[in-house]
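With the hints as a guide, dock the two chains, each given alone in a separate frame, to form the complex.
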Amino acid sequence: MSRFFAVKTTANQERVVANLMEMAVKKYQLGVYSILAPKEMKGYIIVEAEGMEDLLRAIKGVPHVKGVVRGEVTFQEIEHFLTPKKAAEQIKEGYTVEIVSGPFRGELAIVKRVDEAKNEITVELMEAVVPIPVTVKADHVRIIDKKEEEV
Amino acid sequence: MTELACRKCKYINMDATICRVCGSSELTKEWYGYIVIVDPEKSQIAQKLGVKYPGKYALRVG
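Respectively, the protein sequence lines represent chains L and Y.
Taken in order, the first sequence gives residues 1 to 151; the numbers are from our numbering.
Taken in order, the second sequence gives residues 1001 to 1062; the numbers are from our numbering.
None of these hints come from the bench; they were simulated from the model.
Computed from a predicted structure; not experimentally measured.
Every residue, glycine too, gets a C-beta built ideally from N, C-alpha and C.
Accuracy of the hints is not assured; some may be wrong.
[Stated by the list, open to error] DSBU-like mimics (lysine-lysine), calculated; alpha carbons at most 30 Å apart, straight line: (1) Y/1056 to L/66; (2) Y/1056 to L/147; (3) Y/1052 to L/146; (4) L/85 to Y/1056; (5) L/85 to Y/1042; (6) Y/1008 to L/66; (7) L/39 to L/27; (8) L/86 to L/8; (9) Y/1052 to L/60; (10) L/147 to Y/1052.
[To be verified] Only part of the chain L face toward chain Y is listed, based on derived beta-carbon distances under 7 Å: (11) 23; (12) 33; (13) 34; (14) 52; (15) 84; (16) 115.
Here chain Y stands alone, though its shape is the one from the complex (with noise of 0.2 Å):
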């Protein structure tokens, strides 16, 4: 099972070769520290990324 990251929104999608939030096929093995959003609309991380759907997400691509 490979993690790829989204080089535009850092999603971290498993085993897929388009984005399941924005669509873009240029996903990437290399991606560095990582965060779980639960809730987007509450955590102040989440407004501080703009990240504005829950998942698994990398803080640094490529």
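Excised from the complex, chain L in its bound form (with noise of 0.2 Å):
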């Protein structure tokens, strides 16, 4: 029977842990059956494994790991995380979102119009004289404001 238990890391080096993990996990067969690092639990990852042991003999010198959390998760606490919703579908018309990658990163803008299917978005920025519409993925944007304006 599987058990679930949270470790805390490095943001950012989540990848890195679980890799490194899966390497002692085969290095010493040891009753560790997945590692999960999902998008949204930026400096965490979820480690199925046997128990507590298997768990922390997986983890014994592995860079970037800063401690396992107390308790165990449950799988329906995990469960959202393995069927993630497509980030356009959680922003609406009117939201103030901040830009995170490409050209206009940084940026502040108003959304305009969502296309769920294609995952992206229409935004204007907020700091532009003219209101230039600019289509981005909806990936690449942070929500900042869940107001939603008259558009």
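Structure (structure tokens):
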């Protein structure tokens, strides 16, 4: 029977930790079945293991591991990470967003249109003197304000 | 070294043109979330995702 544990890691090193742990698991034939690094959980990974002992042996000596979170995580708690919603589904027209990648990185913008099928949104930059619609991938923005303004 | 996820099975391939698991040529650089499946038979997560081969997978593609 699997048990789930949360492990704290250095931010943005989740994948490195998961890969190093996989190597340790294979080398020592440990009872660790999977390692999950969801995008939404910065600085943490979820380890599916037979028990705490296997987990502790798998993280022993692995860099960027900061510790194990006390207690266990239930499968229901991590189930939603396995079927993630498209980013566009969580954004609505009128939301204020910050663009986090591309040439407009760091700019604030107001959402004017959402295309869930393409996972794209059309925004207007707040700083621009003349409002020009810009279409960006919904994953490339961060929601700042959920107030839905009149569009 | 580019990590490309398969649009069909979500397996992450290293510098490949076809997927090592399902043989699909629909690979993409755009993927999010990361999961390492070590033992697909015993893993509850692997069963939920329908993964049968061990390896690295993306949680969402495209």
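Structure-inconsistent hints, enumerated in ascending order: Hints 2, 3, 6, 10, 11, 14 and 16 not satisfied by this model.
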